[in-house]
Amino acid sequence: MQIAGSIVYGKHGSIMIRQKMETEIELGDLLVVDQAGGNYSILQVYDLQYGSQIPDKNLEMISGMKLEGFRADMDFMEPSLRNYVLAMVKSVASIKVENGNEKKVHIPKTLPQFMSNARLVQKSDLDFIETPKNPVFLGYVRSGSKVFDVEVNLNGVDVFTHHLLIPATTGRGKSNLIKVMLWSIIGKDYCGILVLDPHDEYFGRHSKGLKDHSCAQDNLVYYSPKPVAGSISLVFDFKSVKPWHFQGIVEFTQAQHEAMTVAYHTYKNDWLCAIVQGQDLPNVDPKTVAVLQRKIDTVLGLYLDDQGKIQCRTNVFSDTLGSRTVKDILEALESGKKVIVDTSRFTDEIELLIGSMILHEVFNNYKRYKLEGTLDQKPVISIIVEEAPRVLSQDVLKSAGGNIFSTIAREGRKFKVGLTAITQLTSIIPKTVLANMNTKIILGNELSSERSAIIDSASQDLSTDDQNIASLDKGEAIISSNFTKFAIPIQVPLFEDYIQKNPTGTKPKEQTRVVL
Amino acid sequence: MGRFAHFADCHLGAWRDPKLKELNLCSFIKALDGCVSEKVDFIIISGDLFDTTLPDLAIVQRAVEKIREVKDKGIPIYLTYGSHDFAPNSISMIDILNSTGLFKKVVEAEVTDEKIQLRFVTDSRTGAKITGLSGRRLGLEKKYFEMLDSENLESEAGFKIFVFHNAIIELRTPTASYSEGVPISSFPKGFDYYAGGHVHENLKHEVKDYGLVAFPGCLFGATFTDLELTAKGEKRGFFVVDFEDKIENVRFVEVKVSDIFFEEVNANKKTAKQIAETLSKIAAEADVKGKIALLKVDGELLSGKPSDINFTEIRQTLYDREAIVASINHYNLSTEEKMNPGQVSGKSRQEIEAKVFSDMLNSFKIDPTLKGTLKAKLEKVLTSNAGIEFANNLLNSLKLEKQEGETKRDFEERVLKNTLHLLDLEVKP
Numbered sequence: 001m002q003i004a005g006s007i008v009y010g011k012h013g014s015i016m017i018r019q020k021m022e023t024e025i026e027l028g029d030l031l032v033v034d035q036a037g038g039n040y041s042i043l044q045v046y047d048l049q050y051g052s053q054i055p056d057k058n059l060e061m062i063s064g065m066k067l068e069g070f071r072a073d074m075d076f077m078e079p080s081l082r083n084y085v086l087a088m089v090k091s092v093a094s095i096k097v098e099n100g101n102e103k104k105v106h107i108p109k110t111l112p113q114f115m116s117n118a119r120l121v122q123k124s125d126l127d128f129i130e131t132p133k134n135p136v137f138l139g140y141v142r143s144g145s146k147v148f149d150v151e152v153n154l155n156g157v158d159v160f161t162h163h164l165l166i167p168a169t170t171g172r173g174k175s176n177l178i179k180v181m182l183w184s185i186i187g188k189d190y191c192g193i194l195v196l197d198p199h200d201e202y203f204g205r206h207s208k209g210l211k212d213h214s215c216a217q218d219n220l221v222y223y224s225p226k227p228v229a230g231s232i233s234l235v236f237d238f239k240s241v242k243p244w245h246f247q248g249i250v251e252f253t254q255a256q257h258e259a260m261t262v263a264y265h266t267y268k269n270d271w272l273c274a275i276v277q278g279q280d281l282p283n284v285d286p287k288t289v290a291v292l293q294r295k296i297d298t299v300l301g302l303y304l305d306d307q308g309k310i311q312c313r314t315n316v317f318s319d320t321l322g323s324r325t326v327k328d329i330l331e332a333l334e335s336g337k338k339v340i341v342d343t344s345r346f347t348d349e350i351e352l353l354i355g356s357m358i359l360h361e362v363f364n365n366y367k368r369y370k371l372e373g374t375l376d377q378k379p380v381i382s383i384i385v386e387e388a389p390r391v392l393s394q395d396v397l398k399s400a401g402g403n404i405f406s407t408i409a410r411e412g413r414k415f416k417v418g419l420t421a422i423t424q425l426t427s428i429i430p431k432t433v434l435a436n437m438n439t440k441i442i443l444g445n446e447l448s449s450e451r452s453a454i455i456d457s458a459s460q461d462l463s464t465d466d467q468n469i470a471s472l473d474k475g476e477a478i479i480s481s482n483f484t485k486f487a488i489p490i491q492v493p494l495f496e497d498y499i500q501k502n503p504t505g506t507k508p509k510e511q512t513r514v515v516l
Numbered sequence: 517m518g519r520f521a522h523f524a525d526c527h528l529g530a531w532r533d534p535k536l537k538e539l540n541l542c543s544f545i546k547a548l549d550g551c552v553s554e555k556v557d558f559i560i561i562s563g564d565l566f567d568t569t570l571p572d573l574a575i576v577q578r579a580v581e582k583i584r585e586v587k588d589k590g591i592p593i594y595l596t597y598g599s600h601d602f603a604p605n606s607i608s609m610i611d612i613l614n615s616t617g618l619f620k621k622v623v624e625a626e627v628t629d630e631k632i633q634l635r636f637v638t639d640s641r642t643g644a645k646i647t648g649l650s651g652r653r654l655g656l657e658k659k660y661f662e663m664l665d666s667e668n669l670e671s672e673a674g675f676k677i678f679v680f681h682n683a684i685i686e687l688r689t690p691t692a693s694y695s696e697g698v699p700i701s702s703f704p705k706g707f708d709y710y711a712g713g714h715v716h717e718n719l720k721h722e723v724k725d726y727g728l729v730a731f732p733g734c735l736f737g738a739t740f741t742d743l744e745l746t747a748k749g750e751k752r753g754f755f756v757v758d759f760e761d762k763i764e765n766v767r768f769v770e771v772k773v774s775d776i777f778f779e780e781v782n783a784n785k786k787t788a789k790q791i792a793e794t795l796s797k798i799a800a801e802a803d804v805k806g807k808i809a810l811l812k813v814d815g816e817l818l819s820g821k822p823s824d825i826n827f828t829e830i831r832q833t834l835y836d837r838e839a840i841v842a843s844i845n846h847y848n849l850s851t852e853e854k855m856n857p858g859q860v861s862g863k864s865r866q867e868i869e870a871k872v873f874s875d876m877l878n879s880f881k882i883d884p885t886l887k888g889t890l891k892a893k894l895e896k897v898l899t900s901n902a903g904i905e906f907a908n909n910l911l912n913s914l915k916l917e918k919q920e921g922e923t924k925r926d927f928e929e930r931v932l933k934n935t936l937h938l939l940d941l942e943v944k945p
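If you're matching them up, the sequences are chains A and B in order.
Residue numbering for the first sequence is 1 to 516, as defined by this note's numbering.
Residue numbering for the second sequence is 517 to 945, as defined by this note's numbering.
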């Protein structure tokens, strides 16, 4: 076994290893220190620095002499002994062989033996990582930049129920991660996932995507305002929209909110049409109604045409179509299907309003199931929302007093409804919300303030991992979760490579006997 | 200017009750008479002319006489299979009558490289171009729509009609009871008129990029749920469409063959005795003479059991008061008293059957030793919603009754063929 270095000094959480010459230890590398009885500790490198037996002043002098041509041929005697690299590591897991051959993972509470050798981790050292029940695939174990053929799957019911946060800056592989995750759970009916897709990138309209999965036909539903043949038009009946769907999504004044409530009480499900048509609202100032009309036109694109008929500029709301859309989406989610809603042609407000309309119904249904005692029979439902601070930031929650997304972030886990929040700006999400996000898949982030917010809210102590996170390359990630014993470094495979490597998931060509 | 009539879901041969069977046929005859009076150039029937593949021959004979009469007046009829009268082995009554030239099945196509290329049938008098797809059981038409080569259909010039027999997902109503349907994006664009069937409600919508999509609903109905809907105000009949190059006018012509008396009673917090009294009072006082009388009672009884109510006697009262047909729907009536653990409630017989099938399917496991095509086929038809629909269809297929004059052997063969076609199997000669 290749020795990577030797423990020289340190303390729990900060151990110094001298790197063996000709071995290259990387930031984020996993090292193993073997112990008696087949037990071993896994250490992770969080920083690297030079070490030398020669005092700094002398080194500076030697360097100067070589640079200025005084003794260009000058070299160290036995350089491998005098100069070296020191790796700062922390113990992340203690593996103990119990009950014969069974490997158990423990949170390390002791130090590895002083001056013991550390070696680079091997695939066989990771065989304690098992595939749990209801797996969701996240990537392969990574040590520095070396990737092992060891899959990391978490229990999807736990992960989705207890919310998932994916923090990263642009171009670090967020969408690829979501695609890989979803690919691994299409056809698994333990979870229904609603994807609000503002870039129309998951279905695979023009390239490989989730539509190419063998189970997509029966388990993937795609709604789009510009549907491809066979997919469903994204359109909602006016009657599906209720005043409370706007709460915390679209900014209305108190007077406008009250006018909407009066309209709902007066005209029931036709309240929105009544406002657009300018019908009388008891005890509401006509000026307020006029402002509301303009606002609904601006936000939803609803207006009266020359014939007095209500039209929708985005065609996403209709008086004749889509009266079952919300119900259909609910049924699909409750039967464990994955529903992609292409919101690429809409404003943020419409996208979030659609999410709000669906989530209100999902949450109400699941609360009812809990009351009836049938919640256990239902799949967990998660909604994937990009740029999560649009609904979860401190400003939004302070000014609007919350919305269905924040309600689910706080209370959803009790009812098997979770959020999968994707964000570039973790720091503007309140700590109380972050604390409820029990799994975080941390991708690369160069912003120090964002890394601090992520580290502060992680499920494991990542206080020494600032450099690790900063140096994560595209597709490299760290999983910090209440459902793992330690923060696992992973490499998320490229979606195209993953589906090629996973041919069982690719749609086989079906022979159809056509009888007309 | 051209004019055509569009109707669907006649379900001839449906109903066990001879009076309802007769009324159903009357609605068809009345609709055809209406088409003659309206002086239409042709008629479109969007599937489910018959309720089964091989229906009651006495009904067929009278329907054929009427169709012949209309045809002799120079009014051609164009139709497709529906989900009820479809036969994969081409042994349905539709095929037999189509071969005699009584009407024209408009689904003409070439199937190449997993693509369906439909051809148009042109109405000789008006020049209207008609094509379409048949309805299939288990939602199989969805696959056909996916295979449809829409390009050549969309590029065809002229007044075009697309005939189909399935629900459209985006157009379904909140209370729709029919199965899922096909998204509008699967249809070829740019037709002037999309003549739909399968949906038993009367709907008409202009859909952007497509055209006018119309479902006339059923002519009479094939279930008590249909009759309830009629009693609640749903009009039954057909569309009459005037056209030149484009649609000029669309009217709905009502076909009414009987008045329906309908009353719904909620049993929540009432005793079986109280409900029996209420129903008896309604039966004794309601004006049901010459009408179809439908009573519906649902909810949870405070005490007593549904079986404590003498429904037979109440039904008899309605008959004594000269109701044409009397029916009491108490499928969704339950009691707060401890129910038999195996008891299932539902709004209709069909719903109860679906629930029972659903329960059974949850515990059903395909033999793990099975492999390959057979396993895949069983998984396809025996799991989830497809399994429930399949079981329902199979049950209906096995409910067929022997016709007068039909030999036992012929009857058995008919039942066997109907059943095999559901399984997509054939008898080897």
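Treat each hint with caution, since some may be false.
Take a look, some chain A residues computed to stay more than 12 Å from chain B by CB distance [unchecked claim]:
hint	residue
1	D218
2	Y222
3	P227
Here's a subset of chain B near chain A, in silico, CB distances under 7 Å, partners left out [said to hold, decoys possible]:
hint	residue
4	I685
5	E686
6	R688
7	T689
8	P690
9	P699
10	S702
11	S823
With a Cα cut of at most 30 Å, we get these calculated BS3-like pairs of lysine-lysine [unchecked claim]:
hint	chain 1	residue 1	chain 2	residue 2
12	A	K226	A	K239
13	A	K208	B	K893
14	B	K751	A	K309
15	A	K268	B	K631
16	A	K188	B	K772
17	B	K748	A	K188
18	A	K226	B	K631
19	A	K370	B	K786
20	A	K268	B	K893
21	A	K239	B	K705
22	A	K239	B	K893
23	B	K893	A	K242
24	A	K327	B	K887
25	A	K211	B	K785
26	B	K748	A	K208
Because the hints were derived from the structure by calculation, they are not lab data.
Beta carbons: idealized from backbone N, C-alpha and C, even for Gly.
Structure-based check of all given hints:
Distance check on D218/A: its Cβ comes as close as 8 Å (rounded) to a Cβ of chain B, failing to clear the 12 Å threshold; non-interface status is violated. Annotated as non-interface, Y222/A brings its C-beta within 12 Å of a C-beta of chain B; the closest such distance is 9 Å. The beta carbon of P227/A is not kept farther than 12 Å from every beta carbon of chain B, the shortest such distance being approximately 4 Å. Given hint, I685/B at the interface with chain A, holds; its Cβ is 5 Å from that chain's nearest Cβ, closer than 7 Å.
At a threshold of 7 Å, the smallest CB-CB gap from E686/B to chain A is about 5 Å, leaving the interface hint in force. Of the supplied interface hints, the one on R688/B holds, with its beta-carbon coming within about 5 Å of a beta-carbon of chain A, less than 7 Å. With its C-beta approaching chain A no nearer than about 6 Å, T689/B sits inside the 7 Å limit, and its interface hint holds. This hint holds: P690/B has a C-beta 5 Å from the nearest C-beta of chain A, less than the 7 Å allowed.
The beta carbon of P699/B is positioned within 7 Å of a beta carbon in chain A (closest approach about 4 Å), and the interface hint is therefore held. Taken as an interface hint, S702/B checks out: its beta carbon lies about 5 Å from the nearest beta carbon of chain A, inside 7 Å. For S823/B, the suggested interface contact is broken, since its CB lies about 27 Å from the closest CB of chain A, more than 7 Å. For the proposed pair K226/A and K239/A, the alpha carbon gap of about 22 Å is at most 30 Å, so the pair holds.
Distance check on the hinted pair: K208/A and K893/B sit about 28 Å apart at the alpha-carbon level, within 30 Å; holds. A C-alpha spacing of about 25 Å is found between K751/B and K309/A, which places the hinted pair at or below 30 Å, so the restraint holds. For the hint linking K268/A to K631/B, the alpha-carbon distance of about 47 Å lies beyond 30 Å, and the restraint is violated. Our distance criterion of 30 Å between C-alpha atoms is broken by K188/A and K772/B, whose separation comes to about 50 Å.
A hinted pair counts as satisfied when its Cα atoms are at most 30 Å apart, and K748/B with K188/A does not qualify at roughly 42 Å. With a C-alpha separation of about 23 Å, the suggested pair K226/A and K631/B falls inside the 30 Å cut-off, and the hint holds. This hinted pair checks out: K370/A and K786/B have alpha carbons roughly 28 Å apart, not beyond 30 Å. Simply put, K268/A and K893/B have alpha-carbon atoms about 47 Å apart, too far for the 30 Å limit, and the pair is violated.
With a CA separation close to 27 Å, the supplied pair K239/A and K705/B stays within the 30 Å bound. The straight-line distance between the Cα atoms of K239/A and K893/B is roughly 41 Å, outside the 30 Å bound, and the hint therefore fails. Between K893/B and K242/A the alpha-carbon distance is near 44 Å, which puts this suggested pair outside the 30 Å criterion. For the hint linking K327/A to K887/B, the alpha-carbon distance of about 36 Å lies beyond 30 Å, and the restraint is violated.
With a C-alpha separation of about 51 Å, the suggested pairing of K211/A with K785/B is violated against the 30 Å cut-off. Using a Cα cut-off of 30 Å, the hinted pair K748/B and K208/A is violated, with the two alpha carbons roughly 50 Å apart.
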